[in-house]
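Protein chains in written order, with the working numbering: chain U, 1 to 309; chain A, 1 to 309.
In short, the hints are calculated from the structure, not lab data. Be a bit skeptical, because a hint or two may be false.
A pair holds if it fits inside one copy or across any two, identical chains being indistinguishable in the list.
[Said to hold, decoys possible] Dumping the calculated SDA-like pairs for lysine to any residue here, alpha-carbon to alpha-carbon at most 20 Å:
1) K286 to R130
2) K286 to S165
3) K286 to A134
4) K79 to N51
5) K119 to Q73
6) K79 to P253
7) K286 to R167
8) K286 to T139
9) K286 to G146
Here the structure is a predicted model, which means the values were calculated and not measured.
Each chain, written out:
Number of protein chains: 2
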Amino acid sequence: MRTLRIVALLLGAGAAASARAQTPAPDAPATFAEVLASATPSDWRPLNPENTLYLELPGGRVVIELAPAFAPQHVANVKTLVREGYFDGLAIIRSQDDYVVQWGDPDAGDEKKRRAIGKGQRTLPAEFTRAVGAELPFTRLPDPDGYAPEVGFSRGFPAARDPASGRAWLAHCYGMLGAGRDEGADSGGGAELYVVIGHAPRHLDRNVTLLGRVVQGMERLSTLPRGTGAMGFYETPDERVPIRALRVASDVPERERSALEALRTDTATWERLVESRRNRREPWFKEPAGHIGLCNVPLPVRAAPKAAQ
Amino acid sequence: MRTLRIVALLLGAGAAASARAQTPAPDAPATFAEVLASATPSDWRPLNPENTLYLELPGGRVVIELAPAFAPQHVANVKTLVREGYFDGLAIIRSQDDYVVQWGDPDAGDEKKRRAIGKGQRTLPAEFTRAVGAELPFTRLPDPDGYAPEVGFSRGFPAARDPASGRAWLAHCYGMLGAGRDEGADSGGGAELYVVIGHAPRHLDRNVTLLGRVVQGMERLSTLPRGTGAMGFYETPDERVPIRALRVASDVPERERSALEALRTDTATWERLVESRRNRREPWFKEPAGHIGLCNVPLPVRAAPKAAQ
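With the hints as constraints, model all of the structure from the sequences given.
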């Protein structure tokens, strides 16, 4: 079949399975598929079930990895809310094209009707940035970024740093999870959450607390019908997408878990992978970019090999 | 209702209608809504029906503006194919998350089964770049870009330039329309088309011919179910989304047209609009970015005022 080959590869969960190329010499220029095929088991890390959420929608499961290194209070609060069943039976209330989907309590603004928050917190101090620290690995991207002095990857998340201020923060790339807030910086807390479904809205960096990213099932969020109200809110309750459950993976019986591994972002393999995307060697490409944007770097995830489960 | 106010505005067709802010002094810092509200009729341009396509899907119409200034041969060829009814009854055959949807003849690779191309061309010389010229206005963005020496807007399209080579080209932002090709640079022609539905794949710039952008109805493409085959191809004919018709707007009776206007990108209003997005003045924002990426600049489109129709 005549095919638009504007990518030569599958990304995401299927990437490893489809990477059947020969392993090149460690220093040779390589394609993405070749680098991924050369990855060893130690290049991968299993997702920690204690920091993994399962969002169960009518269309299936969305798997989210939390980032306690960047937003410890928000992560702890969301897990408290999840374990109380706070989100179960609530709904996705907003889907704005090229921007975000968002879920929470549609009645959150009505003190009489809204769901009790239990031991969780409705609001928390903002966790927009954190101190750079030795305990926070950072593999810097070689290319410049318009929104931050330095960008790269920390523990599998796209991140940024400012050496002048000594602060680090997560970046609003496709699939990132954030905590909605009102006008005050400290008015969020995680009871209302959103995921980026469009071109990275990097102007939100350092303006909202990011606390994780979707690692599997993005298409279950990105294909939801767009809301026709202001900012993509659904206009009637019938349009909302019900949340069957939101669970911490470690609370789910092991046989029902999604056992996933993510490629580590602090290895030589990772740096070769980034280079394979900065300058594409697949013959389809006529003009290698010589550059890659932070949110254009794929973060491979795969089913954990059986032996590792 | 407690609301995630991570944008204070509607973009796209509803933007003008929702911009009810007072008009500020011309030199005062302003929000996006204020700038848009201050736009005069001459800041808007009607879409030329001769360079506008209507893609009619079961879910409704997608309006595309063509870019003959950048890809004259591809635009002419696509219009020839459209006027022969080449695309009518063909289908969207691919939907890859965070990447592209693509349509064409599923049997294009089978010389016996494929649809006749008529007076059109199956392939054309690549139109990846064109010469910079006085007849091509270019409003440069003040911020740097990693993928090109200069970026900005030409006739309403996101574009790039290289002063060293004297070449200009369109950029792969959300909603851009391109001509799929095989491995050879000159193997495309417009019989197979794709639209970007995810984070801008800028590494495709200068590797594929771009020939337009979606100006209305993007959600009809971006929410299509993702294909489960390699690269997001649908695996069975039943999954494909039929194309009821693809028409040049000027061939459609006037009463059935979508009368739209786009904000001009060569005006003082445009430059103020860009600045309103480089540094957000809405009180929700705590940390203005001081920067904007090429593909983060909104390109407002509105229904033409009745008097203009």
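>> Treating 20 Å as the Cα threshold, decide for K286 and R130: within, between, both or neither.
In response: between (41 Å within a copy, 16 Å between copies)
> Is it within, between, both or neither when you check K286 against G146 at 20 Å Cα-Cα?
Replying inline: between (26 Å within a copy, 18 Å between copies)
> Can you tell me if K79 and N51 fall within 20 Å by alpha carbon in one copy, between copies, both or neither?
Replying inline: within (9 Å within a copy, 53 Å between copies)
> Which holds for K119 with Q73 at a C-alpha limit of 20 Å: within a copy, between copies, both or neither?
Replying inline: within (13 Å within a copy, 64 Å between copies)
>> Treating 20 Å as the Cα threshold, decide for K286 and A134: within, between, both or neither.
In response: neither (41 Å within a copy, 28 Å between copies)
>> For K79 and P253, with the copy left unspecified, which applies at a CA distance of at most 20 Å: within, between, both, or neither?
In response: The answer is within: 17 Å in one copy meets 20 Å, while 57 Å across copies does not.
>> Checking an output row: K286 and S165, CA cutoff 20 Å. Within, between, both or neither?
In response: Classified as between; 16 Å across copies, 41 Å inside a copy.
> Quick one: K286 to R167, C-alpha cut-off 20 Å, is that within a copy, between copies, both, or neither?
Replying inline: Only across copies: K286 and R167 sit 16 Å apart there, 39 Å inside one copy, limit 20 Å.
> For K286 vs T139, is the C-alpha pair at or below 20 Å within one copy, between two copies, both, or neither?
Replying inline: Neither: 29 Å inside a copy, 27 Å across copies.
Comparing the model with each numbered hint stated earlier shows that hints 3 and 8 do not hold.
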